[in-house]
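Asker: Position chains U and F against the provided structure of chain A, taking the given hints into account.
Residue numbers (the working numbering), protein chains in the order written: chain A, 5 to 362; chain U, 5 to 362; chain F, 5 to 362.
You can trust all of the hints, since none of them are fake.
Label pairs and their calculated CB-CB ranges: (1) A:D144 with F:L143: 35 to 43 Å; (2) F:R183 with U:I291: 46 to 54 Å; (3) U:D309 with F:E113: 32 to 40 Å; (4) U:V175 with F:S122: 47 to 55 Å; (5) F:V169 with A:Q22: 55 to 63 Å; (6) U:V88 with F:L143: 49 to 57 Å; (7) F:L143 with A:G105: 26 to 34 Å; (8) A:P167 with U:S6: 46 to 54 Å; (9) U:V8 with A:A63: 29 to 37 Å; (10) A:A63 with U:A161: 46 to 54 Å; (11) U:D309 with A:A63: 37 to 45 Å.
To be clear, the hints were calculated from the coordinates, so they are not data collected in a lab. Ideal placement from N, C-alpha and C gives every residue a C-beta, glycine not left out.
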Amino acid sequence: MSKVATGHYFEDFHVGMQLPHATPRTLTEGDVALYTALTGSRFAQHCAVPFARGNGLPAMPIDDLLAFHVVFGKSVPDISLNAVANLGYADGRFLDLVYPGETLSAQSEVIGLKETSSGKTGIVYVRTRGFKNATTPVLDPVLDYVRWVMVKKRDPAAPAPAPVVPELPAVVDAARLARPTSLGRLAIDPARSGSPFFFEDYEVGERIDHVDGATVTDAEHRMATRLYQNTARVHFDDHREKGGRLGATIVYGGVVISLARALSFNGLGNLLHLLAINAGTHANPCIGGDTVYAWSQVLDKADLDEDCGALRLRLVATRNRPCADFPSRDDDGRHLPCVLLDLDYWGLMPKRAACVSK
Amino acid sequence: MSKVATGHYFEDFHVGMQLPHATPRTLTEGDVALYTALTGSRFAQHCAVPFARGNGLPAMPIDDLLAFHVVFGKSVPDISLNAVANLGYADGRFLDLVYPGETLSAQSEVIGLKETSSGKTGIVYVRTRGFKNATTPVLDPVLDYVRWVMVKKRDPAAPAPAPVVPELPAVVDAARLARPTSLGRLAIDPARSGSPFFFEDYEVGERIDHVDGATVTDAEHRMATRLYQNTARVHFDDHREKGGRLGATIVYGGVVISLARALSFNGLGNLLHLLAINAGTHANPCIGGDTVYAWSQVLDKADLDEDCGALRLRLVATRNRPCADFPSRDDDGRHLPCVLLDLDYWGLMPKRAACVSK
Amino acid sequence: MSKVATGHYFEDFHVGMQLPHATPRTLTEGDVALYTALTGSRFAQHCAVPFARGNGLPAMPIDDLLAFHVVFGKSVPDISLNAVANLGYADGRFLDLVYPGETLSAQSEVIGLKETSSGKTGIVYVRTRGFKNATTPVLDPVLDYVRWVMVKKRDPAAPAPAPVVPELPAVVDAARLARPTSLGRLAIDPARSGSPFFFEDYEVGERIDHVDGATVTDAEHRMATRLYQNTARVHFDDHREKGGRLGATIVYGGVVISLARALSFNGLGNLLHLLAINAGTHANPCIGGDTVYAWSQVLDKADLDEDCGALRLRLVATRNRPCADFPSRDDDGRHLPCVLLDLDYWGLMPKRAACVSK
Numbered sequence: 005m006s007k008v009a010t011g012h013y014f015e016d017f018h019v020g021m022q023l024p025h026a027t028p029r030t031l032t033e034g035d036v037a038l039y040t041a042l043t044g045s046r047f048a049q050h051c052a053v054p055f056a057r058g059n060g061l062p063a064m065p066i067d068d069l070l071a072f073h074v075v076f077g078k079s080v081p082d083i084s085l086n087a088v089a090n091l092g093y094a095d096g097r098f099l100d101l102v103y104p105g106e107t108l109s110a111q112s113e114v115i116g117l118k119e120t121s122s123g124k125t126g127i128v129y130v131r132t133r134g135f136k137n138a139t140t141p142v143l144d145p146v147l148d149y150v151r152w153v154m155v156k157k158r159d160p161a162a163p164a165p166a167p168v169v170p171e172l173p174a175v176v177d178a179a180r181l182a183r184p185t186s187l188g189r190l191a192i193d194p195a196r197s198g199s200p201f202f203f204e205d206y207e208v209g210e211r212i213d214h215v216d217g218a219t220v221t222d223a224e225h226r227m228a229t230r231l232y233q234n235t236a237r238v239h240f241d242d243h244r245e246k247g248g249r250l251g252a253t254i255v256y257g258g259v260v261i262s263l264a265r266a267l268s269f270n271g272l273g274n275l276l277h278l279l280a281i282n283a284g285t286h287a288n289p290c291i292g293g294d295t296v297y298a299w300s301q302v303l304d305k306a307d308l309d310e311d312c313g314a315l316r317l318r319l320v321a322t323r324n325r326p327c328a329d330f331p332s333r334d335d336d337g338r339h340l341p342c343v344l345l346d347l348d349y350w351g352l353m354p355k356r357a358a359c360v361s362k
Numbered sequence: 005m006s007k008v009a010t011g012h013y014f015e016d017f018h019v020g021m022q023l024p025h026a027t028p029r030t031l032t033e034g035d036v037a038l039y040t041a042l043t044g045s046r047f048a049q050h051c052a053v054p055f056a057r058g059n060g061l062p063a064m065p066i067d068d069l070l071a072f073h074v075v076f077g078k079s080v081p082d083i084s085l086n087a088v089a090n091l092g093y094a095d096g097r098f099l100d101l102v103y104p105g106e107t108l109s110a111q112s113e114v115i116g117l118k119e120t121s122s123g124k125t126g127i128v129y130v131r132t133r134g135f136k137n138a139t140t141p142v143l144d145p146v147l148d149y150v151r152w153v154m155v156k157k158r159d160p161a162a163p164a165p166a167p168v169v170p171e172l173p174a175v176v177d178a179a180r181l182a183r184p185t186s187l188g189r190l191a192i193d194p195a196r197s198g199s200p201f202f203f204e205d206y207e208v209g210e211r212i213d214h215v216d217g218a219t220v221t222d223a224e225h226r227m228a229t230r231l232y233q234n235t236a237r238v239h240f241d242d243h244r245e246k247g248g249r250l251g252a253t254i255v256y257g258g259v260v261i262s263l264a265r266a267l268s269f270n271g272l273g274n275l276l277h278l279l280a281i282n283a284g285t286h287a288n289p290c291i292g293g294d295t296v297y298a299w300s301q302v303l304d305k306a307d308l309d310e311d312c313g314a315l316r317l318r319l320v321a322t323r324n325r326p327c328a329d330f331p332s333r334d335d336d337g338r339h340l341p342c343v344l345l346d347l348d349y350w351g352l353m354p355k356r357a358a359c360v361s362k
Numbered sequence: 005m006s007k008v009a010t011g012h013y014f015e016d017f018h019v020g021m022q023l024p025h026a027t028p029r030t031l032t033e034g035d036v037a038l039y040t041a042l043t044g045s046r047f048a049q050h051c052a053v054p055f056a057r058g059n060g061l062p063a064m065p066i067d068d069l070l071a072f073h074v075v076f077g078k079s080v081p082d083i084s085l086n087a088v089a090n091l092g093y094a095d096g097r098f099l100d101l102v103y104p105g106e107t108l109s110a111q112s113e114v115i116g117l118k119e120t121s122s123g124k125t126g127i128v129y130v131r132t133r134g135f136k137n138a139t140t141p142v143l144d145p146v147l148d149y150v151r152w153v154m155v156k157k158r159d160p161a162a163p164a165p166a167p168v169v170p171e172l173p174a175v176v177d178a179a180r181l182a183r184p185t186s187l188g189r190l191a192i193d194p195a196r197s198g199s200p201f202f203f204e205d206y207e208v209g210e211r212i213d214h215v216d217g218a219t220v221t222d223a224e225h226r227m228a229t230r231l232y233q234n235t236a237r238v239h240f241d242d243h244r245e246k247g248g249r250l251g252a253t254i255v256y257g258g259v260v261i262s263l264a265r266a267l268s269f270n271g272l273g274n275l276l277h278l279l280a281i282n283a284g285t286h287a288n289p290c291i292g293g294d295t296v297y298a299w300s301q302v303l304d305k306a307d308l309d310e311d312c313g314a315l316r317l318r319l320v321a322t323r324n325r326p327c328a329d330f331p332s333r334d335d336d337g338r339h340l341p342c343v344l345l346d347l348d349y350w351g352l353m354p355k356r357a358a359c360v361s362k
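So that you can see chain A by itself, here it is in the shape it has in the complex (with noise of 0.2 Å):
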């Protein structure tokens, strides 16, 4: 029997599967550092701890997205080795803040199957739990999210199984957003978060170009995808890759997410933490030396309570083309070939009664 795990192929799954993933992860501060220096991340709660003990935090939390990048990598043995492409997300939920010292472990439940008509390759829709601590006897559940990835099938003759596409919902309702529960009072002060906006400042429709741009090389999306301990080839290996259709290894699309999210704090710099993830699409490959612009639009507001709400935001990333112009798809509504990502997410933003002037 051949010691070396080749990933399972699209024969391989069923519906109901439960597959624990390997390698639980405690984070330290050694990855928020790393993560600070590889995404430029400033938003205040992930930066000073006296700012997270202001809004009645115990510590310092890690960012939302590097517990979802190490959930999410944990995930990539089992579910998307042999995967041909990351088509979607749905139904995501941040559950609970994570911070350094916790351990983060991963399962996932197959939800959905389907072949596609080529008859090569099959679709497969998980759900993916992250928890925390994983070693008390209850697991506190940290995040949640359904994506679909096309997987290859092994055997091309394997029979098809019976289709089952799971009902997602096309947003999280407002109603399912948790405010998390180890947040205060929030106390902002705007000197010290860096933006003067709050809830009230941003309208449905709006849309801010984050402006900056941030090139990435090879050496940072691996040094990213290594810290978040996916797995998976295409990241990594450039003489395989240099032969490929690419020509190049491919960022891990959480890499580009997080440098959206990053350059989104120049408009955004007060949306203290992300709550949930409606949809989102990896629309083009990002290769190194691409430089990575982000927009986003207001797409909703929900009142969360009294001292604050929640915004529901297009995340838009694009490669090498500044966002002034707010670019996304063409006249027949496909995505620019210079778009990377289009994300949409709810975010926890404070209300003005939350800002406090020293």
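Answerer: Chains U and F in isolation, oriented as in the chain A frame:
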């Protein structure tokens, strides 16, 4: 109103203006490890807890330059986002050591303004102060320096302010140098510190070629600059800069300072701390791929205490040019094109009385 | 007297010479995060506190190779700054686990000397020892190995010393392998460790292609090498090396060892710790841009305890050459040009008795 910060232009500043800077930053062991990996610094005070404790410190302090770069980085969005050039430093003092777990914040005061003859830009002089432990009612000053930058006018027709040029000392007077208060009696084992040379061994006028070279890649200088949360665009956006003056992103000057200081270990291995920055010029731009070399000259010596003194040093860094012949200026007094940095600083050097051999 | 260390030359060494190395180094969670980001290692003992505690450890130990590289790095300024080649390793043993917060120091003893026939260089044999917790009166040995390097003579006319070539074991005898004392009863959940294979599943002679490739860029190998505070010039100075033999800086051999060990997770996922280095050769140089592949062969097995044994493994790393056919040597017994590393080591592998399923 635009949500996106675009920084101040020359006519936005007035003398006496106070600018509290955003995003306090808690420094951690993660930042220390990255600083080591990105600079190669080997000064034992910042490498080993037992060494630091042997000198009376409660813990291993972070590198003085890491603190400097973080404070500098905070000031960029408010001071130099629209700068054409960073012209100089003066009257900088390191006032206290910073330890992992402490939080830095920064504030600047405009102390001078002078429109340039072109009428399109002006020189802004600021004194920037870094503080630690932002939650306490009284902030603890960590460092303090003056820099002046040439900043664009938004509207070239805006009237020139009355010129105010601050009087700045050419050198920080040795009487104003502060031995870090937490430093106890020094006990330096040369076999551990890596250098057998003490205060008495250095002579005024002496020059030291630091011999080694350090090539800096785009990935490395950008990771460092993001670690310091310096947001100046010119460091990050290849797409924009490839059409610019250099055809490449420029390396943050502080990266060069840190590389040169790390190279200077070979020759100045016992120089435990920076005490003051007298003057400094980024003479020419550094870009990814350049190899940095450095040399030092002892400009002055001052007695500090029974176990240590201060060396006033000139630190010159070059690009792609070894320093065996101490390259510096041409016959007209202009810096040679290979010179990146010309820095004049005071550092703390133990005396022979501090030497212990185990 | 020059302030700049230029390293020892062949005629500076004598048999019995003790060389205490400079700059003790406190390892932290920051170093661990960087090691993960730079190598992609996923061995669960070094990734998750609960996993390590489940095996009786008080905390999550740092990777054995991270400790090795730091100890090796300390020895470079005194042993190999003027080395032409790092010829081999023997009789290496890992004696204790290292935890974040502990401080490593190192010392070498010259155990052999032999001038080469050219008269311009000589071979220096040293035993290097790594210790932890440098402040305590009695140092705790962490690892111990012999290496030999070819070192330049300062003066080719210097007389040759009487040749002393130490007798070194071809293999560390299994009776000398030390199970880490802090290791309690092992409890390995294969769903967490990432591998279902235990000691009993491996057969002597068995070969494993580790399948994946890892491209190493200049930024990555230099960050790793600086993290280890290895100061050998050939890794850092593009300006000098572009005119050298390779036309590029050479990757520190330890970077290749770590990448190969990380790749070997796929096939040897439960190999918790390194116990000994029997022999090792850096067969050919690796440069930035190379993609590293690896394969392993089980050379021997030894019983250690009721819940674990030792596997003697050969780990071969190649450049730009997948390892499905286990490339190694040509018909004349010479390493193929694609072979970077040929390492012979003992590792600790849990038995089936240690397997728990949750």
